[in-house]
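Based on the sequences and whatever the hints tell you, model everything.
As they're listed, the protein sequences go chains A and B. For the first sequence, our numbering begins at 1 and goes up steadily by one. For the second sequence, our numbering begins at 1 and goes up steadily by one.
Since the hints were derived computationally from the structure, they do not count as laboratory data. Incorrect hints may appear among the rest.
[Said to hold, decoys possible] Restricting the straight-line Cα-Cα distance to at most 27 Å, the calculated cross-link-like pairs of lysine-lysine (DSS-like) are: (1) Lys211(B) x Lys155(A); (2) Lys26(A) x Lys155(A); (3) Lys151(A) x Lys26(A); (4) Lys160(B) x Lys155(A).
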Amino acid sequence: MDNLTYIDFICVAVSFALMLPLMEKKLSHLVVFMIVGISSCLFVSELNNIFLEVFHNEMFYVTTTITPVTEEIIKMIPILYYAIVISDDRRALIPNAFAVGVGFALLENVVILTQNVENVTILWALVRVFGSGLVHGICTVMVGWGISYIKKRRKFFYCGTFALLSAAIIYHATYNLLVQSQYQYVGVLLPIVTYIPVIILLKKKE
Amino acid sequence: MNMYLSLALTISAGIGFGYGLFRLFRDESALYVRMIVFGVGCAMLGRLFATLLYLVNGELFAGFNVGILGIIGSFLFFFSANFWQMDSIVDDGSPKFRKTRLIALVAPLIVAALCAVIFVLYGFNEATISIGIEGLFLALASYFHLKHLIIEDVSFGLIKSIRSYNLLALVYAALCLSEVLVEGFELPLIVTVLECTVLIAFIPVLERGMKKWTT
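What follows is the structure, given as structure tokens:
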């Protein structure tokens with residue numbers, strides 16, 4: 001059988017891409033960013049496999065130290081590009097940033113689902129969606145919101161970009177750390193607890 | 001024990017950051033102060049991850065852990081605040097400050113020397129390389145901390161008002177490095193207590209200085 005990750009990628013990304021010609025511009029941006037997120041996930045999965053080999057399949061170390069770094073850097077690139085080259089308007093940047101995170105989480109969930117299809121349950125799906133799905137979305141929103149702020153303040157830009165990336169990496173690593181420990185329920189609750197104030201804060205800013 | 005020390009650092013940084021945020025929301029603070037507040041926030045995140053790692057894993061990873069990014073981030077903020085925001089005001093690049101600039105180089109040189117000691121004591125490995133990278137940002141920040149501590153005050157008391165903060169930041173940088181030097185890769189108690197004090201004191205000290213300058 002061919003590589004399952006690529007099969008999943010084609011099934012998901014191509015379906016989204018086929019929708020694009022029928023959509024209005026604003027909506028199509030969101031879908032493009034979802035496809036970018038899906039593609040980022042595919043790229044990162046290859047990268048993470050290499051790191052897993054380098055670190056002798058030490059899953060705990062790699063998932064709490066390496067994958068948060070690779071995933072957040074790769075997810076940040078399209079958001080940074082959009083903010084610098086196209087627009088740093090917060091109203092466009094934040095939904096697009098969230099779309100990158102959701103796209104990333106979508107392919108990640110589909111890949112894990114197809115690899116463990118005999119063991120998955122409704123609870124598994126809920127944990128994946130409200131756990132890791134939200135983590136990816138929150139991290140990219142945090143970066144998008146932050147970039148829209150620091151882009152206008154040049155003196156803030158370099159340290160701010162690094163700090164945003166660090167914050168996203170540490171948040172992601174904290175989630176990965178907790179869900180693999182005996183405190184996994186705290187880990188699952190972390191993104192939900194963070195999501196609510198983030199939404200309230202962003203809605204207030206609007 | 002290490003977990004509790006790390007927790008104490010997280011809480012102290014949290015208090016410092018929380019107080020800073022409270023002041024930011026209440027009063028319109030200068031960008032310089034905001035950058036320091038976010039720097040303390042970065043330190044808090046890094047310490048929080050280290051604490052959780054102690055809780056879950058029992059010890060820190062021998063090499064790099066993402067908590068180090070928080071420490072690096074904090075020094076990057078301190079460096080940016082001094083370099084981008086303050087330095088152009090207090091140093092016009094004229095030759096009269098040449099001596100000050102040269103003396104300020106002592107701080108990064110000490111950091112480099114301490115890093116060299118760490119490399120000699122523990123050899124080149126993942127852990128010491130991480131500390132070396134941390135040391136690079138620490139050296140950058142400490143140059144400006146020392147420079148702004150000793151530079152002649154020509155800007156209507158501005159430098160004088162942030163001298164205490166710069167002294168604290170220098171102490172903090174030295175403490176971060178000595179964390180490693182004093183007891184290998186374990187957190188020493190006295191260093192932790194001092195670091196906690198500095199992390200809590202950062203914003204109030206800076207705020208007091210800025211208040212003196214603006215009133």
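Taking the hints in turn, this is what the structure says about them:
{"no.": "1", "hint": "Lys211(B) x Lys155(A)", "verdict": "holds (23 Å)"}
{"no.": "2", "hint": "Lys26(A) x Lys155(A)", "verdict": "violated (31 Å)"}
{"no.": "3", "hint": "Lys151(A) x Lys26(A)", "verdict": "holds (22 Å)"}
{"no.": "4", "hint": "Lys160(B) x Lys155(A)", "verdict": "holds (23 Å)"}
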